[in-house]
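Protein chains in written order, with our numbering: chain Z, 2 to 553; chain P, 609 to 914.
Everything hinted at is true.
Label-pair ranges, simulated between beta-carbon atoms:
#	chain 1	residue 1	chain 2	residue 2	range
1	Z	Arg496	P	Arg664	29 to 35 angstroms
2	P	Tyr802	Z	Gly303	54 to 60 angstroms
3	P	Pro713	Z	Arg461	22 to 28 angstroms
4	P	Pro713	Z	Asp334	32 to 38 angstroms
5	Z	Pro403	P	Gln660	38 to 44 angstroms
6	P	Arg664	Z	Asn360	34 to 40 angstroms
7	P	Asn693	Z	Gly303	48 to 54 angstroms
8	P	Glu669	Z	Gly303	44 to 50 angstroms
9	Z	Asn276	P	Tyr802	46 to 52 angstroms
10	Z	Ala307	P	Asn693	49 to 55 angstroms
11	Z	Pro403	P	Val677	39 to 45 angstroms
12	P	Pro713	Z	Phe222	38 to 44 angstroms
Short, incomplete list of chain P residues facing chain Z, as computed with Cβ under 8 angstroms:
#	residue
13	Ala675
14	Thr710
15	Val712
16	Pro715
17	Ser717
18	Met718
19	Arg733
20	Val734
21	Val736
22	Arg737
23	Lys738
24	Leu769
Simulated from the structure, these hints should not be mistaken for lab results. The beta carbon of each residue, even a glycine, is placed where N, CA and C say it ideally should be.
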Amino acid sequence: MHDLVTRAVAKYNRGVRSSDVYLQALEEGIDDLDDLGITRALLSLAATGHLKVIGVARGNEGRNLYLPLDVDPQWHRPQQPLTLGDWVVRAFWELWNSREAQVRSGHRIKPISTEEISAWVGLHRKFSARGITNALTHLAASDQPPLRAVRKGQGRTRLWAPAGLSDDSLALEAPESDLDRVVLAVRGTSARLGRAVSCAEVKEELIKNHSLRLEGSEPAFKILNRLVRVPSADGVYRLFSAGHLRGRVHYCASEALDARAGIQLEQFEGRWNANLTQQRFHAITQCTLPSVAYGRALLLAGSLDAVTTRIKLLGVMLSQSSIHLRRARRLQDVMTQAGQEVNDWIKSQPSELSSSLPNAASTDGVGWTTRELMQGVARIYHRAGSVQDPHTFTRTVGKTFPRLRSELVEHWNQPRQPGIVPLYDRTSALILAATHWGGYEAALQASLAATELGELRDPRFVAAALRQGETDQLYFAIACAAFLWSAECTRELLRLARENPDMGIREAAAWAYGFAGGGDSFKLLDETLACTSPLGASRRSQAEEGGSWWHM
Amino acid sequence: MLDLRLPDHEGTSLVETPLMHETAQKTLLAVRAGGLAVWVGHSRIGKTSTAQWLQRRLEKEHELEPADVNRFRALYFQVGEVRSNSGNQQRQGLRSLYTQVTKVPLPQSMYKSYSVEALAEVIVRVIVRKRIRLVLVDEAGCLSQDAMRGMVLTSDVAKALGWNLSVGFIGMDDLPIKVDQLPQISGRVHAWCYFAEYGLEDTAKLLSHLHSHFRGSSAALCEEVEFIHKTIGGFPGKIVPFLNHVDMRAMELEQGIDLAVLHVAHECIKRDKGRSIEDAKRGYRVSVGKPEGVRPVRQAISAGRK
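Excised from the complex, chain Z in its bound form (with noise of 0.2 angstroms):
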C-alpha cells in the first residue's frame, strides 16, 4: 500500500486522495482492493505514521491527503482545488478578500452572490450553475462551515458571506439591480449636493461608490432615462426629472418641491443675478432710439415683475427648515431691487415720449417652425440647403438659432397626431442669419438691428421712432424694422423710402422695405439709389439674376 501510495505521488505530483490511490490501482491491474479497504488501509498507515496528512479536501472522493514520509509535502502541496467544493470555497474567498479590500474601514461589505462565484469558477473550471449552488447549499450546512447563506426580502437570488459574521456587518441594503443602484446614487449625491444631480454626477457617484457599480451593460443615462419615463411595477416613478440646467436635465428622487428648487432657482439666477441684470438695463439706457429704450425697459419691468412672483411663489411653498429658503428671499431680493430702478427709469422719461407709446410692451414675438425656418434661410445659408428632413434640420443646424418656445402643433409628418415642436424666434433667425451668411447690407443692417433691438420684439415702438426720430436715429429704426417684418413698419420704411429729404435715409429704407417683404420693392430701390452709391453697384450686379436682398 505505501508503494501504491508512493507511485500515485509520483503520477498526481501531489498530496492523494484514497479515490486517487484507487485509481492509480486499477491502473496498475490491482483487483483485490475496493475504495473502502483502501481508506482503511490508508488511514492505519497514517495512524502508525507511515504516511503523513498534508490538507484536506472536499467532497466524496476521500478527505485527508496522503503523502510519504520521506516526501517534502512542500513541492506536492495540491495548486489548485481539487473538488467542486474546494473550487466553490477558494471563489467564494478570493472574492470576499477582494471586496474587503476596496470597502472603506468601518464600511460594511456587500455579501458575495451565487452568480458572482459561479462566474469566478467559470473562469477556471467548468461546472454546471446548479452543482455549484448545491455546493454552496452543503457547504454551509456542514460540520464547520466556511460561509453562510445570508436571506434578504422575499427574492430568490442568495448571498454568502463567511460564516463567523453577523449581519450587521454586511451592507444587506446594497441593491439588486443596476436600476437600485442607480435609484441610491441619486439619492445620495442629491443628499449630499442638496438639489438634483445631472447624469454626469450620477457617474461619477457610481464609480467612486464600489457597491453601485453597474454590472449590467446597459449605460447609466439610459437607466435614468427609463426609470424617470416608465414606472415600476407597483405603479410608482422612482425617479423624477427636476428640469434642465446648463443643457443637461437633472434628476431627483423624490418629487418634493425642495427637490427642484434648488435646480429652478439656478435656473433663475442664470437668467436673472444682479449682474446679468445690471447689464440688460446698461444696454437699455445706452439705446440710440428713446422708444425703443422705452420699450425695451416696460419688457424688462415686466420680466422682472414675473421672475420675482415666481420666485416669491416658490419662497412661500418651501418648507421652513429648507435650504433654498434663503436664496430664494435673497434673489427675489436682488430682482425686486432691480425691478424699481427699470421702473424709476420709466417713470423720469419725457412725458411727451411716454404719452406717445403703449403702456405695456407685448412678448408675443413671431415663431418661426423649423420647417419655415429652413425655407426662410436655405437660401443663404448653405448647410441648411443640403438637409431635407426637419427633424434632421432641427438636429444639426437648428441648434444654431435661438429658441422662442416649444408648442403642441400639428405634427409635421403626421397630421392627425399633435406634436411638441420648437419654435424658433423669426427676428433672431433673420438677424443671425443676415449677420452670418448675408451680404454687406444684409449683415451691417443686421448688426445695428441686434445693437439696438435686444429682446424687444413689439413693432410699434420701432414705427414710433421712424416716425419721429432723427437723421442719425433713423437709421437704427429701419434696420429695427427690417428684421420685424411688421405691416405697420413696412408702411412706416415706404414712406421713408419716398418722401425723407435725405438720400441715405431713403436708400437705406428701400432696402429694408424689400427686405421685409414690401411690394415692388426692386422698383422702389432702383429710384432711390444714389449714382454713388455702393449699394447700387451691388443692385446692378445682380440684376439680371433677378436680385436677392439678402446678397446684396
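Once you've looked at the hints, dock chain P against the given chain Z.
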C-alpha cells in the same frame, strides 16, 4: 463760500484763431482731392479743439441744406492704441473705424470672416449714406502703421466707388515719422498741418478774446501778457485753465487782476505741482520734525531746573 455750480458759458467758448482757419482750409483742399491730412503739434496747442470745431461747422452747414450734394459731414473720434505686434492691425484699425461710423460694435463673425477690403466696403456704405467725407482720427500716434493703412484702405475703397473720402490723422508722438516711413500713406498726404506755438502777438489776441481784462492796451497789460507767454507758453490749452486760476486768486485776494495776482497764481500752481512730484519721488514718507515752539522733553526739564 464754496461755489459748487459750473461756471457760466461766457468766457469758455472757443476762440477761432487764424491757425484754425488755415488748418481747416488746407484740410478741405485735401477733402476735395480725396487725399489725406496730417495734423501735428505740441500737446495743448489746440489740435483737438480745432478738429471738433471743424466737425461742428461742417455739421451745421450740412443741416442747413441736407439735399445739397456739395455739403458733407465730418466724423471726429479719438482712437485707442493698436500696437504693432498685436495681431491683424489692419482689421483692428477698421474695427475701430466701423464702431465710430455706425455707433455699434463690429460683430465678431464679421470681424473674423470678412476680408479686410470687405470690411472697408461695409464701412464705406455707411460713410456714403451719412455723407461723411472727412474722418478725423485723433491720437493717431497710438496707431500702428498697419492700422493706419487699414483706415487709408477705406479711403481708397470709397474712391473706387466714386466717393471722395479723406482721413485726417491728428496727434504727436511719432506720428509724422510713421506716416513718412510708409510711402503708401505719405504719398497720399495732401495737407501737412503743423500747429506752432503762439507768438506774443497771437497770445495777446487770444487773451483778449478769452478774458475781458486783457482787452485794451497799456504798458501794464503788455507786461502781463509777456509774463503769461513766458511762463505758460503760447498754448491755448494751458492758457485757458491758467486764466481760471487767476480769476480764483483774484477773488480770494479781493482785488483786480494785475501782475502780482498773475505771479501768485503761477507760483501756487508751480508750488503745488512741485511738492506733489517731490513727495511722489520720496514715496510720500513723512519727515519727523518737531513743531515750532516745542522743545524736546529733556531740554524743557533742564531749562526748568535752571
